[in-house]
Every structure is written in C-alpha cells, then in structure tokens.
Amino acid sequence: MTGIETSPGDHTALWPAPTADGAMDATVTVPGSKSVTNRGLILAALAAEPGWLRRPLRSRDTLLMAAALRAMGVGIEETVSDGALGSGGPSGGGEAWRVIPAGLHGPATIDVGNAGTVMRFLPPVAALADGPVHFDGDPRSHERPLHGVIDALRALGARIDDDGRGALPMT
0 MTGIETSPGD
10 HTALWPAPTA
20 DGAMDATVTV
30 PGSKSVTNRG
40 LILAALAAEP
50 GWLRRPLRSR
60 DTLLMAAALR
70 AMGVGIEETV
80 SDGALGSGGP
90 SGGGEAWRVI
100 PAGLHGPATI
110 DVGNAGTVMR
120 FLPPVAALAD
130 GPVHFDGDPR
140 SHERPLHGVI
150 DALRALGARI
160 DDDGRGALPM
170 T
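Just so you know, numbering that gives the first Met the number 0 puts 21 at position 22 of the sequence shown, and the rest follows in order with no gaps.
Keep in mind that a hint or two might mislead.
Derived CB-CB ranges, DEER-like [to be verified]: (1) T108 x P15: 46 to 56 angstroms; (2) D137 x R158: 18 to 28 angstroms; (3) T18 x A66: 13 to 23 angstroms; (4) R139 x D160: 19 to 29 angstroms; (5) D137 x G163: 39 to 49 angstroms; (6) T78 x L13: 35 to 45 angstroms; (7) A101 x T18: 48 to 58 angstroms; (8) A19 x D161: 49 to 59 angstroms; (9) S34 x H104: 18 to 28 angstroms; (10) L45 x G147: 18 to 28 angstroms; (11) D161 x T18: 50 to 60 angstroms.
In case anyone wonders, no lab produced these hints; they're calculated from the structure. Built from N, CA and C at the ideal position, the CB exists for glycine as well.
Taking the hints into account, I'd like the entire structure generated from these sequences.
Below, the structure written as structure tokens:
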C-alpha cells in the first residue's frame, strides 16, 4: 500500500499537498528549462549586441548547444554574479551566461548528442555560417528523422549532404 489514494473512476493519483501551520516567508527559485535555455542561446547568438541568460539550466543538452555555438564562433562566457551593480554580471545574482554574437563560420563539427533542440534548431543557424558545418550525434540520433528541417533548408537554397537519409550525420 502506497498511502496514495485515487479518485473514484479516475486512475490519477491524488497527492496530499503540504500545508503551512502559519504565515510563510520564503523565496523559491524555479529551475531553468533546457528548452528555454537553448532557445535563449540561439536568440542571443543571432542578436546584434551581447546579451545575458540569467540562471540558465546546466544540462547535457544546453552544454551541447553552447559548445555548438562556440564551434561556429559565438562567444559564451559563464559567470556567477552576486547581483551588485558593477559586478560584471546581470542584476539578480546567480549563474549567468554572457553570449557574444559573432560572424558564424565553419569549418565546424557539431555534436548534437541526442538533443532535439540542437539537431533541429542549429541547422538553420548553421545555414547562415560561412563554411561547412558537420552535424553528428549519439547513435540513437541517427534514427531521428530530420526530413522537415532538411527539406525546408534546401527549399531556401542551402546545400546539405545527408546521403539521402533525412537524418544525421549531415553537413
């Protein structure tokens, strides 16, 4: 017996939410999102001026995205700020990544791991790069279809060599 009840006719477990015995004074920091962090990295990399991502999520997927953008010439500096004015970071304190846009270039080799946002969002960015950009990843990533991304980029004039697979690896 787990002690968790389900409502009649429903298989959804009911969780007894904790309650406070009195007034609370607390600060809650919500963890970052890998999807939002990766989108923020791309937007900042394509911006006209350097920008900050405050409290980015550090995960394999976000570190792969940062490494991929660095491989194409984007500067990404990881800092920890106390939030004080003049501390070199954004207000609010905590970890922050400063993204410094630059002319995108190859040759570059991108390891996407098995990250969907990296394998689907970076090929369009790489199409803006001067020089070849090769994408590869974990063996499982070779099974994930990229026909939609590849076809759309080809329709816009990008040259993509995927040996007709519609999947990784590709250049």
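Status of each hint after checking the structure:
1. T108 x P15: 46 to 56 angstroms: The hinted range 46 to 56 angstroms holds for T108 and P15, with Cβ atoms some 51 angstroms apart.
2. D137 x R158: 18 to 28 angstroms: holds, 25 angstroms
3. T18 x A66: 13 to 23 angstroms: violated, 45 angstroms
4. R139 x D160: 19 to 29 angstroms: With Cβ atoms ~21 angstroms apart, the hint holds.
5. D137 x G163: 39 to 49 angstroms: violated, 21 angstroms
6. T78 x L13: 35 to 45 angstroms: Distance hint for T78, L13 holds at roughly 43 angstroms.
7. A101 x T18: 48 to 58 angstroms: holds, 52 angstroms
8. A19 x D161: 49 to 59 angstroms: holds, 56 angstroms
9. S34 x H104: 18 to 28 angstroms: holds, 26 angstroms
10. L45 x G147: 18 to 28 angstroms: holds, 21 angstroms
11. D161 x T18: 50 to 60 angstroms: holds, 56 angstroms
Hint compliance for this structure: hints 3 and 5 are broken, all remaining hints hold.
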